[in-house]
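Going down the list, the protein sequences come from chains D and F.
Taking my numbering, I'd label the letters of the first sequence as residues 273 to 759.
Taking my numbering, I'd label the letters of the second sequence as residues 273 to 759.
Read the hints as simulated data drawn from the structure, not as lab findings.
Treat the hints with caution; some may be incorrect.
Same chains, same names: a pair is fine if it fits in one copy or spans any two.
Under the rule of at most 20 angstroms between Cα atoms (straight-line distance), these lysine to aspartate or glutamate pairs were calculated in the EDC-like manner [as the list claims (entries may be wrong)]:
no., residue 1, residue 2
1, Lys731, Asp681
2, Lys520, Glu739
3, Lys604, Asp447
4, Lys474, Asp681
There are 2 protein chains.
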Amino acid sequence: MQLRPELDSTSEVPLYRQLGSYVQRLITAGELQGGDRLPPTRELAGQLGLNRTTVSAAYEWLESEGLIQGAVGRGSFVLGAPSRPAGESQDINWARSLTPSMFSSSGSPASNVIDFSSSRPSELLFPLEEFRECCSEVLAGPRLQTLLQLGSPLGYGPLRAWLLTRARQQGFAADGDDILITNGCQQAVDILRRALTQPGTKVAMEEPVYPGLRNLFLDAGAELLGAPVTGDGVDLIALRRALDAGAKVVVVTPSFQNPTGATVPAAARSALAAMARNAGAVVIENDIYSGLVYAGSGLPKLKSFDTNVILLGSFSKIAFPGVRVGWIIAPKPVIARAAELKQLTDLHTDQLSQAFLLQFAESGRLARHEATVIAAGREKLRAVEQACAEHLPGCRYHVPDGGMNMWIDLPAGLDSGALRGLARQAGVDYLPGRYFSVSRSLDSGLRLSFAGLTPAEIKRGIEILGEVVNSAVRSRDDASRPTLAFV
Amino acid sequence: MQLRPELDSTSEVPLYRQLGSYVQRLITAGELQGGDRLPPTRELAGQLGLNRTTVSAAYEWLESEGLIQGAVGRGSFVLGAPSRPAGESQDINWARSLTPSMFSSSGSPASNVIDFSSSRPSELLFPLEEFRECCSEVLAGPRLQTLLQLGSPLGYGPLRAWLLTRARQQGFAADGDDILITNGCQQAVDILRRALTQPGTKVAMEEPVYPGLRNLFLDAGAELLGAPVTGDGVDLIALRRALDAGAKVVVVTPSFQNPTGATVPAAARSALAAMARNAGAVVIENDIYSGLVYAGSGLPKLKSFDTNVILLGSFSKIAFPGVRVGWIIAPKPVIARAAELKQLTDLHTDQLSQAFLLQFAESGRLARHEATVIAAGREKLRAVEQACAEHLPGCRYHVPDGGMNMWIDLPAGLDSGALRGLARQAGVDYLPGRYFSVSRSLDSGLRLSFAGLTPAEIKRGIEILGEVVNSAVRSRDDASRPTLAFV
């Protein structure tokens, strides 16, 4: 990306600040993203007709603002989402992680890059013909007129009934539970955040964590307490510490957590629920990945151990993320309050989409599609496992049993943010660890989202990543080798 | 509705508090609504086997809580949405005004009542066959796979381009403007509320005002300054007073305001925009009704006088409110910030619905449907005008030139909330004035939403309303007539 600031040498604002502010605006607008490399100072100075010290001063100012980071000999990089004080201007870099990358520092089109950066299903698996059939059935049906009219904030009645009945049959919804339909799980969390927290409320969450979840609570001024994720999911000792420190809300993804892929074992689930209950804290169980089991069998939900748990579900990770339908299953008073907030927020969720998804589910097509997705996921996971074993010998990782994501810890001394530009140039992309931090530095980690790729892409992508990592390891070792110093 | 509390005479909680809490829960759950009459104390005492003083004490407690109001000789009524301190528990009665009434104090099914309480289009006018065609075209098209995948927080690109181009052609969007798609206008306001206000921010709005708008800002702790609406829309002198008092955000519906139907004349529009600009306040122009012109011609938007105005649009009042798609047109920095909040809220708006509506608009079907809706609206308005002149001689009202709503002021001494139970029993429903108040008492006013009804229903409904009003006027006059007092 060419930097083309409009600089005014007659202004009272010094040139370095004008240049710095220009870059700041690009970062705020998402046109420069975490990991992007800024042009070398000499090059940019020449291009803009500026003194090189002016450009250096601009970069120093940007660094002092926490927007970029200089790495000796490698240039200056835009930083990813820093933890920021609540109420300050939004950081939107994390947000871009959910949408296709709009900017590549290497200048090569994103289509040439094997992209592990999005936690989403592969659209190649979408059963378009079956979905069309469902839509046609709904559109031809007797309810179309009602679906196009204003509906209930709680959601489309037949979909609510179908989901709640299924949840009761599977033993994780009780008689005292009710259901609210939301625009996907993101809105479910946003509504619960409004219902359960105020500025200063302490919220415990996993670390690393999905940034969309972290930023929601940060934006509302909550105080976040991160509990590290191990191979067995969230660390219960750390979680207890967070509860002892006053956490009133616990947000967890017990199955195939994003970004780690880690799962809390069955035995620890009842302990987790009991621990929160005894501390008087509300548990939000993000259950969107639990259907994607590729190895072993599914585990009981937290909510089946404690009816007070608030469960979040969605078809988005199995079916169609563009169709924004998720839900909250929780005790009736929680749902009553959430429905009030839902109505304040946007009246109700799109009714046509709810009806389409119900038809997809009720007709048995969802179950068939789920089987296809799981079979494909098994292949993808196998590719991940083989490629990691072959190409990432110096890295630490834990291959998950399902879901869409896994976490890689790079060899000592390597920084996943700094490495990202090189990786993109080499043809592979991922999200650096720092995107997922709550309070710890996660610079050595990175997330690989494999569900959107084919097994062949996965193998080739991890092979490229391995080359980039190994080359960086060699540079590191060369740099630390003792040399004769002619001083 | 039968009251069936489970009372425990062995409890430490006194019986009157148990009964009071039970009724409170019914009100909170929306099962009892503003205007509903509670059973007489004697009747309820007999039915529940309680002492009458116990029931009276429960009613007194409910009244002290601001939940019901007793009117001598007429019984006790559930109160509508009171203005409440921000951050307190939500009042959801207003919410029910947007959905079909689920409770009728007369016990008769709602279908027997001519319902003027919802500001929505008539589903009888929905062009179902044309909508089906649009859906089929989209579903058969090459973009289906993309539509089902995760999209941009800004909205579906082709829909954004279509809307923005149209806005530029019509002269109310400038080069510096951009567009964000939201889940209808309610979410547009919610997002702007998050972007523009914090607790204590002063927000000026019309009074009476749409409760969904008022409650959003109240919920966020904003300080509301109501500017009365006259026959010529919001009163500019009152608005200036609000700006002088420090209002930083102004929310107005210049065309066919909900609930009054009033419209700001062309000459006053540029004055309004200039007044806010000079005071450094942001104007949010709620433009959802402006297409529904039944008499005269449309007026220039506020945004055409000042490019900084934030314009809210939607197809919901013309086409299908169940398909949740609205938009914000505003200067690019506003849209950039709104898009961040949109992504935090729910990632993005449902893509299928956006594509369906685009197809409906692009293919010319929207324009055809709009012509049908306007022709029908003209008939409805004529029915309103005739029926009001004939049946509401003692009322004050201003027949609007378009939109969906009008405001009626009852003869002196009549209370629209207290009268609502009688009106429902007689076969007509409306929303009492107090639902729409910001800081003033509006007990003598009521909203008639006529767009969802046929001309015949409108005539018959206003005739019934006239009978109820005239009968109440006679009772009032009888009560005030001097009598011989045998004291």
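Evaluated hints:
1. For the identical chains of this complex, Lys731 and Asp681 are intra-copy neighbours only, at 18 angstroms inside a copy versus 73 angstroms across copies, given an alpha-carbon limit of 20 angstroms.
2. Taking CA atoms no more than 20 angstroms apart as the test, Lys520 paired with Glu739 passes in neither setting, with 45 angstroms inside one copy and 56 angstroms between copies.
3. Proximity of Lys604 to Asp447 under the C-alpha cut-off of 20 angstroms is restricted to the intra-copy arrangement: shortest distance 9 angstroms within a copy versus 49 angstroms between copies.
4. When the C-alpha separation of Lys474 and Asp681 is checked against a cutoff of 20 angstroms, the pair qualifies neither within a copy, at 29 angstroms, nor between copies, at 49 angstroms.
Hints 2 and 4, counting from the list given before, are not met by this structure.
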